[in-house]
Amino acid sequence: MRQFNGQDVKVIRQILRVSQKELADIVGVSQAMIGFIELGQKPVSERVNKLIYNNVVTHYIDEKTLYGILDGELEL
Numbered sequence: 001m002r003q004f005n006g007q008d009v010k011v012i013r014q015i016l017r018v019s020q021k022e023l024a025d026i027v028g029v030s031q032a033m034i035g036f037i038e039l040g041q042k043p044v045s046e047r048v049n050k051l052i053y054n055n056v057v058t059h060y061i062d063e064k065t066l067y068g069i070l071d072g073e074l075e076l
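FYI, the numbering for the sequence shown is 1 to 76, going by UniProt numbering.
Among the clues, some could well be false.
Keeping only pairs whose Cα atoms sit at most 20 Å apart, straight-line, the calculated SDA-like set for lysine to any residue is [what the hints assert, rightly or not]:
1) K50 <-> E75
2) K21 <-> M1
3) K42 <-> T65
4) K64 <-> N54
5) K64 <-> F36
6) K42 <-> G72
7) K10 <-> G35
8) K64 <-> K42
9) K21 <-> G72
10) K42 <-> Y60
11) K42 <-> T58
Per label pair, the in silico range of CB-to-CB distance [stated by the list, open to error]:
12) R17 <-> D71: 15 to 23 Å
13) E46 <-> E75: 28 to 36 Å
14) A32 <-> E75: 25 to 33 Å
15) E73 <-> S30: 29 to 37 Å
16) D62 <-> Q3: 17 to 25 Å
17) Q7 <-> Q31: 17 to 25 Å
18) Q41 <-> D62: 16 to 24 Å
19) S30 <-> E75: 17 to 25 Å
20) L74 <-> M1: 26 to 34 Å
21) Y67 <-> S45: 27 to 35 Å
22) A32 <-> E73: 30 to 38 Å
23) H59 <-> R2: 24 to 32 Å
24) E75 <-> S45: 17 to 25 Å
What the hints contain is simulated information worked out from the structure, not anything from laboratory work. Quick reminder that beta carbons are idealized off the backbone N, C-alpha and C, glycines included.
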């Protein structure tokens, strides 16, 4: 599992086509937390990183595809 950053969180939101609020609900954190992470004002903690991975990879997109998009190997 990789350590996500703010840009990764933005891209994950684009992949899922959801708002900050919707992603926050999926992950189980506040909308403000997602906003601060996307702006780079708050790092992605280990706990939030695991929540993003577990909720997004388990329910929405497979790991290989997610990492391919985040690494620029696949297009959105």
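Checked hints:
no.: 1; hint: K50 <-> E75; verdict: violated (24 Å)
no.: 2; hint: K21 <-> M1; verdict: violated (24 Å)
no.: 3; hint: K42 <-> T65; verdict: violated (26 Å)
no.: 4; hint: K64 <-> N54; verdict: holds (14 Å)
no.: 5; hint: K64 <-> F36; verdict: violated (27 Å)
no.: 6; hint: K42 <-> G72; verdict: violated (24 Å)
no.: 7; hint: K10 <-> G35; verdict: holds (9 Å)
no.: 8; hint: K64 <-> K42; verdict: violated (26 Å)
no.: 9; hint: K21 <-> G72; verdict: violated (25 Å)
no.: 10; hint: K42 <-> Y60; verdict: violated (25 Å)
no.: 11; hint: K42 <-> T58; verdict: violated (25 Å)
no.: 12; hint: R17 <-> D71: 15 to 23 Å; verdict: holds (20 Å)
no.: 13; hint: E46 <-> E75: 28 to 36 Å; verdict: holds (30 Å)
no.: 14; hint: A32 <-> E75: 25 to 33 Å; verdict: holds (31 Å)
no.: 15; hint: E73 <-> S30: 29 to 37 Å; verdict: holds (32 Å)
no.: 16; hint: D62 <-> Q3: 17 to 25 Å; verdict: holds (19 Å)
no.: 17; hint: Q7 <-> Q31: 17 to 25 Å; verdict: holds (18 Å)
no.: 18; hint: Q41 <-> D62: 16 to 24 Å; verdict: violated (30 Å)
no.: 19; hint: S30 <-> E75: 17 to 25 Å; verdict: violated (31 Å)
no.: 20; hint: L74 <-> M1: 26 to 34 Å; verdict: violated (18 Å)
no.: 21; hint: Y67 <-> S45: 27 to 35 Å; verdict: violated (20 Å)
no.: 22; hint: A32 <-> E73: 30 to 38 Å; verdict: holds (32 Å)
no.: 23; hint: H59 <-> R2: 24 to 32 Å; verdict: violated (18 Å)
no.: 24; hint: E75 <-> S45: 17 to 25 Å; verdict: violated (29 Å)
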